[in-house]
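Residue numbers (full-length UniProt numbering), protein chains in the order written: chain C, 1 to 574; chain H, 1 to 282; chain S, 1 to 336.
I should point out that these hints are in silico values taken from the structure, not numbers from a laboratory.
Mixed in with the good hints, there may be bad ones.
[Stated by the list, open to error] Computed cross-link-like contacts, BS3-like style, restricted to lysine-lysine with a CA-CA straight-line distance of at most 25 Å: (1) C:Lys-445 with C:Lys-430; (2) C:Lys-148 with C:Lys-272; (3) C:Lys-546 with C:Lys-210; (4) H:Lys-60 with H:Lys-252; (5) S:Lys-232 with C:Lys-148; (6) C:Lys-272 with C:Lys-297; (7) S:Lys-232 with C:Lys-320; (8) H:Lys-175 with C:Lys-445; (9) C:Lys-144 with S:Lys-11; (10) S:Lys-205 with S:Lys-232; (11) S:Lys-11 with H:Lys-60; (12) C:Lys-422 with C:Lys-445; (13) S:Lys-205 with H:Lys-280; (14) C:Lys-210 with C:Lys-148; (15) H:Lys-248 with H:Lys-60; (16) H:Lys-280 with C:Lys-445; (17) C:Lys-466 with C:Lys-430; (18) C:Lys-224 with C:Lys-210; (19) H:Lys-175 with H:Lys-280.
Spelled out from the first residue to the last, the chains are:
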Amino acid sequence: MAAQDRLTANTLTRAEPNAPVPLRPIPLLRVDGLSVSYGSHEVVTNVGFELGRGESLALIGESGSGKSTIARAVLRLLPSNGRATGRVVFDGQEVLGISERGFRPLRGRAIGFVPQDPANSLNPVRTIGAQAQEAAALLDEPDKRIRKQLVLETFAEVGLDNPRRVYDSYPHQLSGGMLQRVLIGLAILPRPALLVADEPTSALDVTIQKRILDLLTRLQHDLKISLLLITHDLAIAAERANALVVLKDGVIQEAGRTASVFSSPASAYARKLRADVPALNPDRYAALRDIGSRFLKTAAGTAPKIAVSAVTKTFNVDGKSLVAVDDLSFTVPAGTTHALVGESGSGKTTAVRLLLGLEQPDSGTISVAGEQIAGRSPGELRSAWRHLQLVYQNPFTSLDPTWTIERLVREPLDRFGIGTPKERDERVRKALADVGLGEHLLSRKPAALSGGQRQRVAIARSLVLKPDVIVLDEPTSALDVSVQAGIVEVLLSLQANLGLTYVFVSHDLALVRQLAHTVSVMHRGCIVEHGEVAEIFDNPQQPYTKALLASIPSGVADAAQAPHARPLLMAAAE
Amino acid sequence: MTLASFSAASRVTAISRLTALRVPPTVAFAFAVIAIVIAWSLAPGLFTNHSPVVGVTAEKLLSPSAAHWFGTDHLGRDLYTRVVYGTASSVTSALIAVVIAAVAGGLIGLLAGFLGGWVDIVLARLVDVLLAIPNFLLAVIVVTAIGFDTTNAAIATGVSAVAVFARVMRSEVIKTRQAIFVEAAFLMGGSRWHILLRHVLPNASRSVLPLAVLQFGLSILVIASLAFLGYGDPPPASDWGLLISIGKDYLKWPWLVYAPAFVTIATVLSVNRISRWLRKTD
Amino acid sequence: MTNAYLSYAAKRLAQAFVVVLLAYVFTFMVVSILPGDPITNVLRDPQNGFTEDEIRQIIAAQGLDQPIPVQLWTSLSHFVAGDFGRSMRSNRPVATLIAEVLPSTLILASAAFAIALLLAVTIGYGTQFLPKRFGQGLLRGFPSLFLSVPNFVIGLVLIHLFGFQLGLFRVIAPDSFWATFFAAVALGVPVSARIAEVLIANLDKESEQEYASVARGRGLTRMRLFARHLLKPSSLPVITVTALAIGELLGGSLITETVFGRTGIGSLVQRSVSTQDLPVLQAVVSLAAVVFVLVNLIADLVYPLLDPRVKLIGGPRARPTTADDGAVATSVAATS
């Protein structure tokens, strides 16, 4: 498969075999036959691409695809056990083989770097200003006051409201979005020719994500910077880059201009990747979802499975009271999925904990499957938990690492004393089969499983009790899109077969659209808008909902920001 | 206890540890040193033909040679033999110390971390007090109170290390108690005790094993120091610390200090290396 | 912040006071409740030649005929008032005995502390400057080696090499400059290992942080990265370890003083142990606890002033990696 794809990319290169050399612009960055290994383990194999001046190129791939490793190899920031071979030509100069001393003048000055996680990318014990001066030192400007002025101007340029305050702050005093603006500012301050952005928005909330990406696109055009964008999100890549390189396990699967790779992917992997992005396929699971929709229509008049009414919860933080959830009310008919959507700090996590009885509300009532939840002690809630289960966000922390899969899935049966030992064995095997896992995993420990497999185990563990209601707290946000698609499919077919009721908590509106029947949009502890999914998505009323919907990457570049479409040269490694 | 939890690790992880991570050469060497030390303490007679107690007066204070690897002491006894025969007592006492410290400290830490509230406050103060008294001084006081011999020195050493284990165990338990899988077990209908014994304890004690190994090395040093000051068994016992203590009066014949010191250092260094390796591979 | 800091300081001060009192009670319990009756053993030891009448007098004078809680109360209230009682052997005030030997131990301990810090910093920062293949591995091995050598062996080796072979000092003149210097080296080396270990661990941790590679992406040299970014965050935890290491200096002086034949707190303890002179032991242990608690109190009070991330609240403390966590209830939270 890989060979065939490389052929595709090759044809692309050879499309103009006899073009005279001067007509073919020299690319700013040319990567040729790049391989990177950690110890004896090769993570990037024979990768090649070209990035023209003022152009943008996205490296796309899921975890383990080697996309970040390539970025680090270009920046020569690989960890000490990493070894790169091949050629990286920047501005006509081979830079992979030159000495550290020879390469350093390029760093920052000619090649800027925007990292993935803004919260950990600035030194926590030094002020922003002190670190900004390091970037400013790369300018040929001897006067420190003028350098500071330039920093402040750049901060204003990247959309920071109060540059002076930012300059004097410590990193922990700023939000993630502000920090990422600072980092972008520091990267563009010396006016580099190339900006390498490694998943610049994956740690940020969706609405902020869009603003940061808009900023990067604007800067790229205003300052004529070339952008090498690393992302796992095909829609974002298609929206922001002229060319795409799709990677899997360190090997290029497909490469080419955005329009062709995105709209008609040639490789099976790129096709699958595209099909798995929720934003691009809102009706992928329509058939399965419609089964639940019927319950929604017949629900009128019958008692809802879940009824939350006027629930308020206040926390005491540092002597100040913080309203986490304010007057929360919603109902969920049996057999349907209700989504709670919001960004961080919206109160959706608190809502989950209240629903399970892990926190007690200050006021309001919660009933699940006819049982009152609010106001009962953990001992009394035990009976409710037989019918009400939770699947956590992160399968890497929700399974005890010292237990085997069999013991983990069996635990609820043992604890609630359900059935004979033999029946328990059968139910464990059945639950694992239901989530698509084989019996050979029974004696393994979680560490031996992939993230997707672990989340399936967590779902099986909830399922084994045959509950009525499962609360799903961002069950796929720690997983790759292709793994997410598998999990979503399992969840929907379980619902269709067993008539389960779900509460699905997510920040991902596109995903919600794929699988939920009703939705509540939360913002700062309140529900700002609620209703049936189609209604909310097609005709949002509140500005916040509109902003959320607008931040879903569509895969289509905004006309206003569309780069001047120029022919782009692509080359794969050979 | 150390051995028990080691073999309890599942076969899969033991094999993957050996194949995937491979034992670095220095660690393999450290294991070899420890194997020799264990052999010395189990069957000292297999390693030497001399007597550790009766010397040949004519052969006193000989330098190391093929006949006497470590030379002979002021009574003409073969020093290598004395070291070999002193191993059992030095190693066993360190083991006693570690078991006391790990069991008592582990229990204190487990209860403090899991129960929280006033239990934690009371136990945390107790640990603070144990920490506030310098380790070695504490060992000296305890051995003074219960009497001078090697077993008591081991007990004193154990008592002085209780705080270390209690502290590590407590912070591990608190960390584990807040882990999401513990809350998940709670939602699966698990009782407090079930969660404590089946989830919290196994996870929290994973980091106690490397600590116990490390403490084993430290205990050898502390017990040697107590023996050096004369708080252990009197001669003709030949604990390593005691041998060095006797040797210090004969510094003209430095092997009397250097040979037992070398064995002590090699043992402790190996133990420390193994502990570091365990911490890394976990 | 100021208010929070003051109430935090007050809380820590109160805690420190309680710990010192409890340390006193603990020592008292150990020596009076554990099996074996050192008091009567010593008094009735025929070598000491006390008559029955004298024994009765001493017992009455020390209050040993009282029930244990009463004894504890009397002795504790005296201790709080600064009265350490009298030695059972010489009948001289314990405070005087300690005052006589304290200067010598203070000199030794401060010299050892200076050496330990110097050595630790040299090793720790040295790893950042030596090339990976050559030298760095050697330097990294030092802390582990230092921690594996009994400190009396270090002392004996130094005496053998520099005293006997090179004749730099003589064991019969233990207060000479070189004798004091080498005694301080013997005492300081294991302490330096603890500090260096933490320093190296933190330097490694910090240089793997994302901010370090982002800073390198801004074109910083290795030296500048170290000086501007890694030095401070990796050195802060050293304050805590150093405070903890003070206890080791006190304990270690016991052995070092014996090896080098110095008089000092250590030799006083040695003598009091062999004669089971409990009032002296009790006083020394309590003083050691006071010193330890004070130094750690200072460390805990200074720390929040140096680390901008530290925010005082009231729960268990969280800090960058140190050998210690959770023993002292400082509370620190990194907010982001």
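Comparing the hints with the structure gives:
Under the criterion of a C-alpha separation no larger than 25 Å, the hint pairing Lys-445 (chain C) with Lys-430 (chain C) is consistent with the structure, at around 19 Å. Between Lys-148 (chain C) and Lys-272 (chain C) the alpha-carbon distance is near 49 Å, which puts this suggested pair outside the 25 Å criterion. For the proposed pair Lys-546 (chain C) and Lys-210 (chain C), the alpha carbon gap of about 13 Å is at most 25 Å, so the pair holds. With a C-alpha separation of about 13 Å, the suggested pair Lys-60 (chain H) and Lys-252 (chain H) falls inside the 25 Å cut-off, and the hint holds.
The hinted pair formed by Lys-232 (chain S) and Lys-148 (chain C) meets the criterion: a straight-line CA distance of about 23 Å does not exceed 25 Å. A C-alpha spacing of about 34 Å is found between Lys-272 (chain C) and Lys-297 (chain C), which places the hinted pair above 25 Å, so the restraint is violated. About 32 Å separates the Cα atoms of Lys-232 (chain S) and Lys-320 (chain C), which puts this hinted pair outside 25 Å; it is violated. Distance check on the hinted pair: Lys-175 (chain H) and Lys-445 (chain C) sit about 21 Å apart at the alpha-carbon level, within 25 Å; holds.
For the hint linking Lys-144 (chain C) to Lys-11 (chain S), the alpha-carbon distance of about 44 Å lies beyond 25 Å, and the restraint is violated. A threshold of 25 Å between alpha carbons decides the hint, and for Lys-205 (chain S) with Lys-232 (chain S) the separation of about 13 Å falls inside it, so the pair holds. Proposed proximity of Lys-11 (chain S) and Lys-60 (chain H) is contradicted: the alpha carbons are some 63 Å apart, above 25 Å. For the hint pairing Lys-422 (chain C) with Lys-445 (chain C), the CA-to-CA distance comes to about 22 Å; that is within 25 Å, so the pair holds.
Taken as a hint, the Lys-205 (chain S) and Lys-280 (chain H) pair is honoured in the structure, with Cα atoms around 14 Å apart against an allowance of 25 Å. For the given pair, Lys-210 (chain C) sits about 29 Å from Lys-148 (chain C) by alpha-carbon distance, which is inconsistent with the 25 Å threshold. Straight-line distance between C-alpha atoms of Lys-248 (chain H) and Lys-60 (chain H) comes to about 16 Å, which keeps the hinted pair within the 25 Å bound. Of the supplied pair hints, the one linking Lys-280 (chain H) and Lys-445 (chain C) holds, its CA atoms being roughly 19 Å apart against a limit of 25 Å.
Between Lys-466 (chain C) and Lys-430 (chain C) the CA atoms are separated by roughly 11 Å; this keeps the pair inside 25 Å, and the hint holds. The hinted pair formed by Lys-224 (chain C) and Lys-210 (chain C) meets the criterion: a straight-line CA distance of about 21 Å does not exceed 25 Å. As the CA atoms of Lys-175 (chain H) and Lys-280 (chain H) are separated by approximately 19 Å, the hinted pair is consistent with the 25 Å bound.
Violated hints for the displayed structure, listed by number in ascending order: 2, 6, 7, 9, 11, 14.
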